[in-house]
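Asks: Given next are the chains, with one letter for each unit.
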Amino acid sequence: MEIAVFIITAIIALIGAVAMLTAHNAVHSALFLLLNFGAIGVLYLLLQAPFLFITQLIIYAGAIIVLFLFVVMLLGAETDEPAKDSTPWQRPVALVLAAVLLVEAISVFLFRVNVTQVAAKPDFASPENVAKALFTDYLFPFEITSVILLAAVVGVVVLSRRISREHAREIAQESPDLTQLPERR
Amino acid sequence: MIPTHYVVMLAAALFIIGALGVLIRRNTLIVFMSIELMLNAANLALVAFAQARQDVSGQVLVFFVMVVAAAEVAVGLALLVAIFQSRKTTDIDEVRSLKG
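As they're listed, the protein sequences go chains A and B. Take the first sequence: its position 91, counted from the start at 1, is 91 in this note's numbering, and no numbers get skipped. Start counting at 1 in the second sequence, then tack on 185, and there's your number in this note's numbering.
The shape of chain B in the complex, shown without the other chains (with noise of 0.2 Å):
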């Protein structure tokens, strides 16, 4: 068996390398691609810790975390879409009022 302090140390990485994108890239797509790497960070945490207590519930909660995710992502590329339709760019910095 694996450690599992070793996997959710694998875990804050990939955390951390999502929040850096999230923080100090300026493409909303890549942010996004940043919140979709943060996300799958903390699943693979509830994996491991679902492997150390051998118990199936962790496994249960990655599966739902996976269903907002999927949602999440529709909608929100929907957003950005309707954004550049309207203001023809994806620079986060552009967009700093909600009325279009």
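Same shape as in the complex, but just chain A (with noise of 0.2 Å):
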């Protein structure tokens, strides 16, 4: 039963992740990558990892996926693959390496390395052993986590602020009269 739950739901990550690669459309793209994601929750869930499950669609099936639509439409950027390829050597090299990292990985797959299986124990990954884990054993890393995520924060904010000035200096070269509206008031 688990077996077969595991095969559906790998065949459908699957699909998702090549028509996320073939979909013309980057829209179409990113909900592809959110059937993927989706699918790889479920994948979790089998996996003993209720607490990743969670995580997984709320960080990325939300956050990431609305982050990734939002600056698609913002762009505007849905289809805009060139018509000439300026590298056309790239794409045969690229499937190359592809199927040489496949028939790499179905090797290993073949001549398995034994991954010793332990005995299960019924809840080794529920949300209290995960937080106990995080908060006693991974406590450094777990601090480091909140300098990177204010690193981020604190870039997406510069560049932003950086864009808008220029934006302000364009405008005001293309129409000086729009600009000096506010010193009038």
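If you're looking for bench data, these hints aren't it; they were derived computationally from the structure. Here a beta-carbon is modelled for each residue, glycine too, at the ideal position from N, C-alpha and C. A hint or two may mislead.
[Said to hold, decoys possible] Covered, in the sense of this in silico footprint (three residues per stretch, anywhere, with C-beta under 8 Å from a C-beta of chain A), are these stretches of chain B:
no. : region
1   : 215-223
2   : 235-244
3   : 249-256
4   : 270-280
Combine the two chains into a complex, taking the hints into account.
Replies: In structure tokens, the structure reads:
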């Protein structure tokens, strides 16, 4: 039963990934990526990781996909692949490299390294146990994640502030009368 | 229990698809999505190993990967918007110099 659910979910994840790669419209790509993230979330549930299932849905399927869709629509960059490819040799080389990687993975699968499965404990990864590990053994890395997120926030604010200043300068050059409006008030 | 090598095989396949996306797509947004796909494949392998060893450490690592991915997406998309505003393109071949 578990194996059947695994195979169906794996096929859905692969379909989502391949469709993401081949879709011409970036919005469709983002939505197929959402399908893939949802399928991987179900796999987490099958692999005894309920906490990560919820985190996957909230962070990836919620926040990151929404951010992608927002930026795709903000830039209006749904379909902008150029007709002429400036590096035509790159595609066959990439396909060959992917085939090599796939053969390597299959050979590892066939002559598989034995992963010894430990006897199942029913709730080794309950949210309580994850939190216990996070706040005892991994407390220092957890603190570092806060620094990383803070650095990301500061970086984004700096980037967007410089953009808006350059944008204002562009508008001022194009139509000087617009920028004088606030001073008249 | 699902055999670990099945899940690792699926993770390898997803990683290969993500790597192909980085190599052959020209749209920077889709390149970014492919990077997310590769991070997810790595996460899947980590969860599979955590299940095989019945150890929660692998899942904590996945949590850290998710945090780094979220920060990376925020900064990366801000950079893309900045590049788009100065170059008016999202084609990765058009962006050849760092100085705008």
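Asks: Does each hint hold? Answer for all of them.
Replies: Going down the list of hints, with the structure as the test:
Note: the region 215-223 of chain B has 6 residues with beta-carbon separation from chain A under 8 Å; the three-residue rule is met and the coverage holds. Chain A is given as covering the region 235-244 of chain B, and this holds because 9 residues of the stretch bring a CB closer than 8 Å to a CB of that chain, at least three being needed. For the region 249-256 of chain B, the assignment as covered by chain A holds, since 7 residues bring a beta-carbon within under 8 Å of that chain's beta-carbons and 3 suffice. With 6 residues carrying a beta carbon less than 8 Å from a beta carbon of chain A, the region 270-280 of chain B meets the three-residue requirement, and the given coverage holds.
Comparing the model with each numbered hint stated earlier shows that all of them hold.
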